[in-house]
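Enquirer: Counting from 1, one number per residue, gives the positions in the sequence shown under my numbering.
In short, the hints are calculated from the structure, not lab data.
Remember, predicted model here, so these are calculated numbers, not experimental data.
Check before you lean on any hint, since a few could be wrong.
Stated by the list, open to error - Here are the computed lysine to any residue pairs in the SDA-like style, where the Cα-Cα straight-line distance is at most 20 Å: (1) 871 / 950; (2) 787 / 770; (3) 476 / 358; (4) 530 / 540; (5) 875 / 682; (6) 871 / 967; (7) 871 / 804; (8) 787 / 772; (9) 85 / 113; (10) 292 / 357; (11) 875 / 734; (12) 325 / 358; (13) 796 / 829; (14) 856 / 807; (15) 325 / 357; (16) 357 / 411; (17) 292 / 311; (18) 394 / 428; (19) 875 / 926; (20) 787 / 682; (21) 567 / 578; (22) 567 / 526; (23) 875 / 886; (24) 292 / 308; (25) 530 / 569; (26) 292 / 259; (27) 787 / 804; (28) 357 / 519; (29) 871 / 682; (30) 560 / 946; (31) 796 / 855; (32) 394 / 476; (33) 476 / 519.
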Amino acid sequence: MTAAPGRRSSTFTRLLRHGFTDASAAERLLDSVELAPLRDDPVLLEALGATADPDLALLGLVRLLEAQPHNGARRELLDTLIAAKPLRDRLLGVLGASTALADHLTRHPDDWQALVTYESRDLHPGVEEFEAGLAEATDPVSLRVAYRRCLLSIAARDVCGTTGVAESAAELADLATATLRAALALAEHAAPGDAALCRLAVIAMGKCGGRELNYVSDVDVIFVGEAVEGADETKAIRAATRLASHMMRICSETTVEGSIWPVDANLRPEGRNGPLVRTLSSHLAYYQRWAKTWEFQALLKARPVAGDLDLGEEYVAAVQPLVWKAAERENFVPDVQKMRRRVVENIPAAEVDRQLKLGPGGLRDVEFAVQLLQLVHGRADTSLRSGTTLDALKALAAGGYVGRADAAQLDEAYRFLRSMEHRIQLFRLRRTHLVPEDEAELRRIGRSLGLRTDPVADLHREWRRHATVVRRLHEKLFYRPLLDAVAQLATGEARLSAEAARERLVALGYDDPASALRHLEALASGVTRKAAIQRTLLPVMLGWFADSADPDAGLLNFRKVSDALGKTPWYLRLLRDEGAAAQNLARVLSAGRLAPDLLMRAPEAVALLGDGDGGGLEPRSRAHLEQEILAAVNRADGAAQAVTAARGVRRRELFRTAAADIVGSYGTEEQPAEADQGALVDRVGGAVSDLTAATLAGTLRAVVRDGWGDELPTRFAIIGMGRFGGHELGYGSDADVLFVHEPRDGVDEREASQAANKVVSEMRRLLQIPSADPPLLIDADLRPEGKSGPLVRTLKSYEAYYRRWSLTWESHALLRAEPVAGDEDLGRRFIELIDPLRHPADGLGEEAVREIRRLKARMESERLPRGADPKLHAKLGPGGLSDVEWTVQLLQLRHGAEEPGLRTTRTREALAAARAAGLITDEDAAILDEAWVLATRVRNAVMLVRGRAGDTFPTDSRELAAVGRYLGYGPGHAGDMLDGYRRTARRARAVVEELFYGVAER
């Protein structure tokens, strides 16, 4: 047929206006023989234009007409299509949304009749109606056909908006229930002998159990079996297992009509390793003794759906009391949150941003948050025990457990995300939770959700908006009502009772919920701007405190800081507006005693935790620190005031270093924990060592100026030793030093010596005066003759001593000598003096090596504290710091003269140089480095957690847990931490035995 002039262009334009993307192809289809009677019917075009994908709907309609067995059937379909709007909307709506259902209709061209009826019962079918729809199925193939026919009617109501997403999900679950019953009936019919031996109950779990199923999803089940009266239990369970297996195959296996969905029984006790069917008593025995927290969370949705429903009800009644006690388990909330994090971590990186279900701000965030609240409060409040997410959310809001506004936002977001998920799966009836990247698919999804102006852009905008709401609310949901419970603001809003608030705080890990509630009340009550900002901050802060080993301390410290700084205008603004500051503060306040103690002495240091111009948490250079301290000293009146100022800078910088270390070890929402543990150790060691050197330089200047004016009668230098000289100081380390002086021209040596000794004595006194700032202890015991020798020597005296009397241990100690303060030229000449001693040209003789080994062995036996576990002593235990350092230093003494890289005071640098020189294998070097870094981290952790230095793990369980969190172990894994330390130290000791003690075998 030839189109009239101009007709093509007008039809083409109309098709584009009605939403067709390929108007030329649509014209050809409209000109086909099958659609000849309706070619110019405006009703058809309007109906096609209302679908999600008009091109797809038109193609599906032509295919369906082609599949009709004869002209009469084709005529009946067309007449009904035009005359009956309900059928037209339903049929074209399905064809425009699902190629899979269009394929089904093409294979079964009479099934469009299922969409004709429009009775009230048809609008809201339940299990009974679906069972009737599946009743004629006699084998797996006919069951699939009948299932798709029922699915067709659910999809039609869904895409036309007759039912909402929650109703559609419930209908899908009811259809799954009817299908499981039909499949079990087929299995029993095939094996009547097995059916006669046992009672078998099918318990729906997951989304099927919660009556919120997707179009394509695994149907999670648990099987419970019992013997009928008089039957042998073992034979009965075997029979029940065969029936259950056959039922699963009927649903899961692929036939000429495809499959229905997989039936997944892996939520059963012991998972896929456990028996498929258990008796009720066996289930209970497992749950009472072995079950993990997530298994009780899964049982929230348990619902009997098929088989022996009485037995199923017995099962649910028996396990429910266990479910509602789950929140009393140790580490309950961290366990649930850790499982959620693990799910996110396992998403392939390329898929995270497209994950509707599992990604951040996805469906699982809503479901986890709701289930967590149900488990905490459902024991006392039975109204919360719904297995359906949206019903449970509504009940939580009604009871005051969730704010009404938050619940309304989450409800809206969850419905939108579930609708997206349904539309994505409906297209090909494939199990997926990924948002497609193809623009045509995104357009179809957007249009199906009513976004018609710019479907792709609007879909992305709405999706991101709802995901952002979920991400923002899913954790606050847990904490905000605690504030409402104590703030006493709006009337008419249901609030947490005191008991419910206590339950929630205990579940979060707070040991003293009564005190926690008092702190919250003090922080958040009232109508002031300060209280309003606190009410915004606290829900998130409480979550970060709960993620630590000591939430109580975190909240108490936050109250103290807030009380101290509450009237300062910048404090709350910093926490509210600078993203990192609030989380950094929460981490610092709950990680142990040291950082909060340093902060409480000068709370304005909170400013360091922000992102702005306060300096942040980056360590400052030694030159910068020295410049600031010397400027403060020069402004001060007298040495005491000057050293007080220097110690104040030191306290602030110790806080900066500790805070950076804690934040780097814990990580934040934006920045994961530092993966390179060695980098963390090096940053702390370098920062504390530079700070100590700058403090000594400032104190030296203050003492000299106070006693002698501009110039001391003798040149004076301070030499860093041990970990100080090696840039490896920890938070609790003393400053190991040597003092050297050289009388100025014309100055009597006795006068010079008296001046030098007075300087040392005054420096030590001023740095140890009790005050709000931590003391800096100076240890000069590594000097010639130890404690018996003079505290200060001239350079000539050092030269004479080392030439005549120097012992091997002193050469060993000098390996880490480095000038840190005072006269730079004198310090350089001291280093020139000792270099031949610590890097002997001929290396180290065997007698000297034996002496070092004897000294090390004696130190191990004599210096280890009584009662300490050697295997867990980070300094002196096997594989600890001493082992690694002495091994590296022996290599330096032996080979330093010929290998310039070994002439360093730093342990890790020397170890790397030894490896590069081929003195140690790559594997052995890596083992020693790992052990040294771990032992150093343990010592730093102990100081951060306890506020005092220690070389072994704490015995207090909460302190031990805090050390574990710092080292990267989750709640409840302190034992794993200790095992990991022992394992690392054991491997290092084996290397030490070979390289240091000369034992050939490991």
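Enquirer: Next, verify each hint and record whether it holds.
Expert: Taking the hints in turn, this is what the structure says about them:
Of the supplied pair hints, the one linking residue 871 and residue 950 holds, its CA atoms being roughly 15 Å apart against a limit of 20 Å. Of the pairs offered as hints, the one joining residue 787 and residue 770 is violated, with about 24 Å between alpha carbons and a cut-off of 20 Å exceeded. Straight-line distance between C-alpha atoms of residue 476 and residue 358 comes to about 19 Å, which keeps the hinted pair within the 20 Å bound. Between residue 530 and residue 540, the direct Cα distance comes to roughly 16 Å. Compliance with the 20 Å bound is thereby established for this hinted pair.
Simply put, residue 875 and residue 682 have alpha-carbon atoms about 17 Å apart, close enough for the 20 Å limit, and the pair holds. Restraint check: the Cα-Cα separation between residue 871 and residue 967 comes to about 18 Å, which is no more than 20 Å; the hinted pair holds. At roughly 40 Å between alpha-carbon atoms, residue 871 and residue 804 are farther apart than 20 Å, so this suggested pair is violated. In summary, the hint linking residue 787 to residue 772 is not supported, as the alpha carbons are separated by about 30 Å, beyond the 20 Å threshold.
A hinted pair counts as satisfied when its Cα atoms are at most 20 Å apart, and residue 85 with residue 113 qualifies at roughly 14 Å. A hinted pair counts as satisfied when its Cα atoms are at most 20 Å apart, and residue 292 with residue 357 does not qualify at roughly 23 Å. The hinted pair formed by residue 875 and residue 734 meets the criterion: a straight-line CA distance of about 15 Å does not exceed 20 Å. At most 20 Å may separate the alpha-carbon atoms for a hinted pair to count; residue 325 and residue 358 exceed this at roughly 27 Å.
Restraint check for residue 796 and residue 829: satisfied, since their Cα atoms lie roughly 11 Å apart, inside the 20 Å limit. For a cut-off of 20 Å, the pair hint linking residue 856 to residue 807 stands: about 15 Å separates their Cα positions. Of the supplied pair hints, the one linking residue 325 and residue 357 is violated, its CA atoms being roughly 28 Å apart against a limit of 20 Å. Distance hint between residue 357 and residue 411 is fulfilled; the C-alpha atoms sit about 15 Å from each other, no more than 20 Å.
Using a Cα cut-off of 20 Å, the hinted pair residue 292 and residue 311 is violated, with the two alpha carbons roughly 24 Å apart. For the suggested pair residue 394 and residue 428, the alpha carbons sit about 33 Å apart, so the restraint of at most 20 Å is broken. Taken as a hint, the residue 875 and residue 926 pair is honoured in the structure, with Cα atoms around 19 Å apart against an allowance of 20 Å. Of the pairs offered as hints, the one joining residue 787 and residue 682 is violated, with about 31 Å between alpha carbons and a cut-off of 20 Å exceeded.
As the CA atoms of residue 567 and residue 578 are separated by approximately 18 Å, the hinted pair is consistent with the 20 Å bound. Under the criterion of a C-alpha separation no larger than 20 Å, the hint pairing residue 567 with residue 526 is consistent with the structure, at around 15 Å. For the proposed pair residue 875 and residue 886, the alpha carbon gap of about 11 Å is at most 20 Å, so the pair holds. A hinted pair counts as satisfied when its Cα atoms are at most 20 Å apart, and residue 292 with residue 308 does not qualify at roughly 27 Å.
Of the pairs offered as hints, the one joining residue 530 and residue 569 holds, with about 9 Å between alpha carbons and a cut-off of 20 Å not exceeded. Of the supplied pair hints, the one linking residue 292 and residue 259 is violated, its CA atoms being roughly 33 Å apart against a limit of 20 Å. This hinted pair checks out: residue 787 and residue 804 have alpha carbons roughly 19 Å apart, not beyond 20 Å. Taking the CA atoms of residue 357 and residue 519, the gap is near 37 Å; set against the 20 Å cutoff, the hint is violated.
Between residue 871 and residue 682, the direct Cα distance comes to roughly 24 Å. Violation of the 20 Å bound is thereby established for this hinted pair. For the suggested pair residue 560 and residue 946, the alpha carbons sit about 19 Å apart, so the restraint of at most 20 Å is met. Distance check on the hinted pair: residue 796 and residue 855 sit about 28 Å apart at the alpha-carbon level, beyond 20 Å; violated. Taken as a hint, the residue 394 and residue 476 pair is honoured in the structure, with Cα atoms around 17 Å apart against an allowance of 20 Å.
For the proposed pair residue 476 and residue 519, the alpha carbon gap of about 18 Å is at most 20 Å, so the pair holds.
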